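Protein chains in written order, with the numbering used here: chain A, 1 to 164; chain B, 1 to 560.
Keep in mind that a hint or two might mislead.
With a Cα cut of at most 27 Å, we get these calculated DSS-like pairs of lysine-lysine [what the hints assert, rightly or not]:
#1 Lys-405/B <-> Lys-78/A
#2 Lys-72/A <-> Lys-358/B
#3 Lys-346/B <-> Lys-405/B
#4 Lys-68/A <-> Lys-142/B
#5 Lys-142/B <-> Lys-47/A
#6 Lys-72/A <-> Lys-323/B
#7 Lys-358/B <-> Lys-553/B
#8 Lys-72/A <-> Lys-66/B
#9 Lys-346/B <-> Lys-31/A
#10 Lys-68/A <-> Lys-296/B
#11 Lys-66/B <-> Lys-323/B
#12 Lys-358/B <-> Lys-68/A
Treat the hints as calculated values from the structure; they're not laboratory data. Computed from a predicted structure; not experimentally measured.
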Amino acid sequence: MEKKEEKNYIISTIVENKPGVLYRASNMFRKRAFNIDSISVGPTERKDLARMTITINGDEPIVEQLVKQLGKLIDVIKISVLNPQNTVIRELALIKLHVADAKARSDIINFVNIFRGRIVDVSIGSMMVEITGTPDKIDAFLTLATTFGIKEIARTGITALVRG
Amino acid sequence: MVKMSGSHALIEALYKEKVDVIFGLPGGAIMPVYDVLRDSKIRHILVRHEQSAAHMAEGYARASGKVGVCMATSGPGATNLVTGIANAYMDSSPIIAITGQVPRAMIGKDAFQETDIIGITTPITKYNFQPRHASEIPETVKMAFQIASTGRPGPVVIDLPKDVQTEVADMDFPEKIEIRGYKPNISPHPLQIEKATELLTKAERPFILAGGGVIISNASQNLQAISELLLAPVATTFMGKGSFPENHPLSLGVIGMHGTLEANKSILEADVLLAVGTRFSDRSTGKIDEFCPDAKIIQIDIDPSEVGKNRAIDVPIVGDVGKTLIELHNSLSKRLEKKESSLWSKRIQQIKDELRDKVRINQEKDLVPQKVLKELREMLPIDAIVTTEVGQNQMWASLYFKVYKPRTFISSGGLGTMGFGFPAAIGVKVARPDVPVFDIAGDGSFTMTANSLATSVSENIPVTVVILNNSMLGMVAQWQRLFYNRRYSAVELGECPNFVKLAEAFGAQGFRVDSIDEFKKAVKQALESHVTTVIDVPIPPEENVFPMIPAGKGLREIIY
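From just these sequences and the hints, can you work out the full model?
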């Protein structure tokens with residue numbers, strides 16, 4: 001099979017909201033050797049359904065096979081490969097930063113404001129920041145943040161919804 | 001609504017699914033079910049090892065087209081089923097495995113004989129269930145049968161905590177059930193049928209590759225009709241053996257690593273390949289890049305994930321094989337007239353005539369597997385069912401035991417499970433008591449599940465085992481001869497055990513034969529006596545299976 005161009009894909013699925021569904025999905029990824037970038041699961045407007053959002057970097061045949069394998073899982077009810085042009089994509093990151101002095105503290109506050117983030121915790125020598133946005137925006141903030149020194153990062157992975 | 005225990009509900013639900021037999025072995029965590037089973041109309045067949053119960057259920061399923069059911073206790077009982085479940089998964093066989101589980105409150109506490117069978121079997125089942133309340137059991141069983149037997153069939157596990165088995169609840173047995181995440185696509189898209197018709201009517205050298213899906217879908221007649229209309233030769237995959245009569249003028253036998261010369265050579269001349277119910281396994285195609293690189297390929301499969309998984313496809317058709325072949329035939333017959341012969345069909349006949357006797361067969365000896373199997377074929381009626389073990393015996397059977405009807409050749413294809421054939425034969429015989437059932441075995445494989453002799457004899461399920469006995473793990477030995485410079489490592493089994501005495505110890509009859517005449521006499525005795533029979537046939541220890549395509553090589557590189 002010819003090598004096709006690799007791209008980032010976001011796959012949004014509606015699944016049964018019951019124990020073991022995430023295991024079945026992640027087990028399939030492992031078994032079929034799909035290398036997933038992120039996966040996030042959360043409830044939907046209906047109690048019995050959950051939304052599982054998967055991001056993967058790959059070529060078209062890989063993504064097509066991933067979608068087909070997901071479709072075979074009995075607990076997966078609906079699958080859509082999202083078109084980034086038509087989709088609101090968000091990720092949340094919590095970042096604990098090293099704060100050397102008062103200047104660093106005010107610089108961090110400035111940057112967080114520019115990125116429309118929030119300071120969620122402050123202690124002597126560190127601050128915790130919350131940034132929400134596209135993964136690119138979070139990456140950009142992290143690049144800036146390295147100048148202060150990053151202590152810890154927690155990222156949720158992407159979640160997404162189609163517009164309209 | 002009826003009030004009853006979980007165990008009663010299970011047996012009642014199985015009964016409603018028309019289950020007439022369960023293969024199993026009891027233990028602590030499944031005792032409430034066994035207590036109810038004792039008084040039910042469902043026959044229980046006691047095995048001596050749970051692996052055999054799963055193989056028996058699969059043999060039963062593949063011979064009958066119905067769902068086979070096996071049952072075991074928690075822990076080791078459940079893990080012993082695993083090989084059989086994996087086998088059914090690889091070969092798309094509908095079986096249901098019921099396992100006991102420790103009581104709900106003990107789950108996750110590493111209780112005695114607890115094992116996470118849901119976690120263990122998730123990658124090798126179509127689905128698995130662990131009802132947490134007895135009231136879920138009727139619905140669970142209904143779903144399990146629907147999932148196992150429809151679409152691309154496969155195994156389903158139902159894991160029942162012991163206190164769910166004893167819990168009493170109001171039971172509602174649904175007649176039908178809707179599973180919202182499970183809707184197999186049965187009907188092919190008309191546009192794809194049109195595209196396939198277009199390709200096939202223009203084809204000069206159409207070729208059909210028939211897989212196990214043809215047998216599962218009971219589509220052999222439809223396949224034959226298309227083959228005859230197109231004058232397209234048919235090679236089957238190993239799993240497809242039996243889907244097309246091997247004495248038909250357009251039959252080329254089995255393709256692949258140990259396929260016939262005719263099949264492996266002529267497929268490379270095809271300009272359009274119609275692949276039906278096959279997943280292009282590496283054992284069938286050889287090196288995939290060299291498999292019909294210039295042919296246009298049409299693939300029919302009910303499982304969308306199989307279409308284009310291993311090979312790019314020109315016309316993919318997702319749908320039930322039988323239904324699709326009927327629609328394709330209707331569409332083709334509007335454009336094509338049936339003919340007696342074509343340039344291509346003559347070419348195929350020429351290839352067959354040229355290659356028929358090209359494969360070396362040991363002429364010095366009589367008791368060689370090729371001759372033994374041809375003899376066996378002549379002695380068995382056309383509807384006799386044969387199972388095989390795994391290894392050389394299996395590949396000789398594939399090459400030299402010709403099969404004329406679907407569901408009369410049952411073997412472990414995808415997983416390649418040594419020890420499958422004998423218990424599978426017992427399951428087959430339960431489904432089809434009206435026909436002779438033979439297991440073509442090797443000494444290595446048969447020894448793995450020979451304890452099923454106890455089941456065969458004590459449950460009065462007479463089958464015959466023909467052991468092609470080379471005192472070797474023959475296929476491994478063959479690879480060591482060919483690819484490891486004859487350095488034999490851990491393949492010599494010696495003359496152990498004495499199979500006649502082994503058979504007799506279990507109450508079966510055993511024969512050791514030293515000539516073709518003695519072999520024929522033993523087969524005749526087996527056919528007439530209706531007693532479990534073991535026929536030990538000593539064959540030359542260094543006999544190879546040919547033709548052979550070395551692993552990772554293309555079809556062209558066949559040796560013979």
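Return the numbers of the hints above that this structure violates; sort them in rising order. 1, 2, 9, 12
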